[in-house]
Structures are given as C-alpha cells and as structure tokens.
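Student: Residue numbers (UniProt numbering), protein chains in the order written: chain B, 1 to 209; chain D, 1 to 166.
No lab work stands behind these hints: they were computed from the structure.
Bear in mind the structure is a predicted one, so any value in this text is a computation, not a measurement.
Do not take every clue at face value.
To be verified - Pair by pair, the computed Cβ-Cβ distance ranges are:
1) B:V28 to D:V121: 26 to 36 Å
2) D:Q129 to B:G96: 28 to 38 Å
3) D:R8 to B:G134: 45 to 55 Å
4) B:M130 to D:N50: 33 to 43 Å
5) D:K15 to B:V3: 32 to 42 Å
6) B:M130 to D:K15: 40 to 50 Å
7) D:V153 to B:V28: 18 to 28 Å
8) D:D77 to B:P110: 46 to 56 Å
9) D:S114 to B:E17: 44 to 54 Å
10) B:G134 to D:M161: 40 to 50 Å
11) B:G134 to D:L125: 37 to 47 Å
12) D:L125 to B:E17: 52 to 62 Å
As the list claims (entries may be wrong) - Negatives, chain B to chain D, calculated, CB over 10 Å:
13) E17
14) V124
15) L132
16) E133
Yeah, the Cβ is synthetic: ideal placement off N, Cα and C, and Gly gets one too.
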Amino acid sequence: MAVESEVVVVGGRGEKEHFHVLAVDDSVIDRKLLERLLTVSSCKVTCVDSGDQALKYLGLLDDLHNTINASSPSLHSSHHEGTKVNMIMTDYCMPGMSGYDLLKRLKGSPWKDIPVVIMSSENVPSRISMCLEGGAEEFLLKPLQLSDLEKLQPYFPKFPDNSCEGESTSADEDNDQDNNHYNCNSISKRKATSAEPREKSRSKMKEYN
Amino acid sequence: MEVGQIQRQWVDCMKSLFIEVSTLLPTIKTLEGFLDAQFLQLKQLQDETNPEFVVEVVSLFFEDSERLLADLTNALDQKAIDFKKVDAHVHQLKGSSSSIGAQRVKNACIAFRSFCEEQNVDACLRCLQQVKQEYFLVKTKLETLLGLEQQIVGAGGSIPMMELSL
Chain B
1 MAVESEVVVV GGRGEKEHFH VLAVDDSVID RKLLERLLTV SSCKVTCVDS GDQALKYLGL
61 LDDLHNTINA SSPSLHSSHH EGTKVNMIMT DYCMPGMSGY DLLKRLKGSP WKDIPVVIMS
121 SENVPSRISM CLEGGAEEFL LKPLQLSDLE KLQPYFPKFP DNSCEGESTS ADEDNDQDNN
181 HYNCNSISKR KATSAEPREK SRSKMKEYN
Chain D
1 MEVGQIQRQW VDCMKSLFIE VSTLLPTIKT LEGFLDAQFL QLKQLQDETN PEFVVEVVSL
61 FFEDSERLLA DLTNALDQKA IDFKKVDAHV HQLKGSSSSI GAQRVKNACI AFRSFCEEQN
121 VDACLRCLQQ VKQEYFLVKT KLETLLGLEQ QIVGAGGSIP MMELSL
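From just these sequences and the hints, can you work out the full model?
Tutor: As structure tokens, this is what we get:
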C-alpha cells in the first residue's frame, strides 16, 4: 500500500509542481523519518514498504502474472493521476527484493534515467561500490539526517521554493555546480571513521511553542 | 504544579537521557547515554506544521520494538533455533533504535548479532535479556519526557532550549 504525503508550497509563479520522491523501506520508522526529511526539503513523498510495491507503483509489475511489464510507464501512470516520479530512494537491506535488486530492475526498465539513491545502516565499502557501479547516484548511510538531503540538492531541479529548511546554506552552491557526480571516496568516508557525535550546532534544539 | 517546576523536571529528564553518571566508579565520570544525537535530529524535524512528529516516531518505535522482542523470544524458544531469523530480527531492531537515537539498545543489538553469528544459544539468551532491559529503560524515560512536554505545553509554557555538548 502506497502512502502519500504532500507539502503545499505557495510559489510566486503559481506552480504546483513538487519534486516527487518514491521512498522504499521495509522499516516503518525509517519510512516516517525519510518522509519527514523529504517534506521539510519541500519534496512530495510516496512511501512503499518493498521493492515489489515500488515496481507496482511504477507500473512495472503485472499483478496477475508477477512479470516485468516492459511497456511504457505512461500507460500505467493514469491510476496515479499522472504523478511523475523524479527520484527513488531505497533501503539496501530488505526482505525479498533488496535495494540493489530493485536498482538493477529499474536500470533495465523505461525508468532507467530516474536517479536512484540507496541507503544502508551498514558501512560496507564493497557494497557501496557495487551499488554505485550498478547505477545508483548516491549511497547514504543511515540514520539519515538533514545534511544527507543536502547532498541530493543537485538532483532537484530549481523549483521556486525548493529549499532545505535545515541548517544548509550551501544549497545555492550545490545548485550552481555543473558536476553532479560524487567521488566514491566522499560517500564511503562519510561517517565511516567517525564514531564521534555530530557537531555542537546540531545539539541546539528548536524552541517549541 | 507551576510550569517552571515542570520545565525543570524536563531539563533533568533530558540530561539523564543523554548523560549517565557513574555512582559506583567515581573515576569514570560518564557512561553511555540512553540517547544520542540522532534523537536531537528528530526534535529538529518537528515544528508547527508537524508538532507531533517526535511523539509519532517514538510511538512507532515502541510498537515495532515490542513486536520484534516478542518475535525474538519466540524464535529463541524453538527447539531448532533459526539463527538467520534471529539475526534478521535483531538487525531490524538495531536499525530502528539507531534511527531514533536509542544508543544503548542499538549497542546491545550489535553485541547480540555477533553471538547469532557464533550460534551461541546461551549468549543469545543473555543478549535478549540485555536488549529487553535497555529497551524498557529508555521507554520509561521517553514516556516521562514526552509526558512532561505535554504538561508544559498544556500549561501554556514552552519546551526549554538546551545546549548539550555530546
């Protein structure tokens, strides 16, 4: 079952288009966290709990015969009101179809050009390389934070109000970069060596009214 | 009870969640806190548009964890233990506790997994007890904390700002 949530962005130009992310994770807590992170980053989010559900949502899985449907996704988008998916974020470790399996299926489908981000709680360099070589745009380590969403800013097209509400001031910088390809090292280094807690600024909590 | 008093209780509760001071060994000032910085990240994600976010995530964590602990108890109670299954459940619990910042539960799960790999039944049973203990400790403290927040807000007060050097 796909759960959808949407943030209403009142854009000056009256555009109602939101960057739509399909989030795939078998953990209900991680789905909730990811949904919130993406919502504060002004994205529209649809959550599913498995690779099969993701393929179904994208119209790539024929319910009756459970085979890959190679026809154009546009034939199936009507029952989702033509909502386009701009990015897929998937957990790596899931029962049944893994995030990597899902990645490979997507890359062999009409959705192959859609950026796929893989997330994992385990920092395994060979796994990270395998996913990146398999076509994943990014590999993020869990638990996810707002700073991780900043890494994804280059993939978001320039929507008038699409900015991260987090601590990021580098969003503009990222958008100006022509080079969207991240070096493997920068991803695997992240948190791999640091057992240290986050920097102090993160420990300030917002006042709750 | 006046709001100031409840706010002070809240501050004490927060401190005790993050910093555990050893009373047995005075040379060791601090032990591992119940929560880590990831919990603060959750608080940062809460705002006026989603004022119940932390309560919702924590509630999901409680439900999910209790289900997993029941599954683990059952799995280890079998005559022929399926260690792969046990490991899968522990992996899930490790993930969810990590996502909300329940540090001690997460670390207990890490230890648990190594014994699953060894297929050491006795050690696994001890680990399960340890995980349960850590879980119920953090659950009690979180319920207290969230209860105090409800009281503060209900009395028209605001949750104090706290700076924690973790």
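Student: Now tell me if each hint is right for this structure.
Tutor: Going down the list of hints, with the structure as the test:
no. : hint                         : in the structure
1   : B:V28 to D:V121: 26 to 36 Å  : 30 Å, holds
2   : D:Q129 to B:G96: 28 to 38 Å  : 31 Å, holds
3   : D:R8 to B:G134: 45 to 55 Å   : 54 Å, holds
4   : B:M130 to D:N50: 33 to 43 Å  : 36 Å, holds
5   : D:K15 to B:V3: 32 to 42 Å    : 36 Å, holds
6   : B:M130 to D:K15: 40 to 50 Å  : 43 Å, holds
7   : D:V153 to B:V28: 18 to 28 Å  : 26 Å, holds
8   : D:D77 to B:P110: 46 to 56 Å  : 48 Å, holds
9   : D:S114 to B:E17: 44 to 54 Å  : 48 Å, holds
10  : B:G134 to D:M161: 40 to 50 Å : 45 Å, holds
11  : B:G134 to D:L125: 37 to 47 Å : 39 Å, holds
12  : D:L125 to B:E17: 52 to 62 Å  : 55 Å, holds
13  : E17                          : 20 Å, holds
14  : V124                         : 13 Å, holds
15  : L132                         : 22 Å, holds
16  : E133                         : 25 Å, holds
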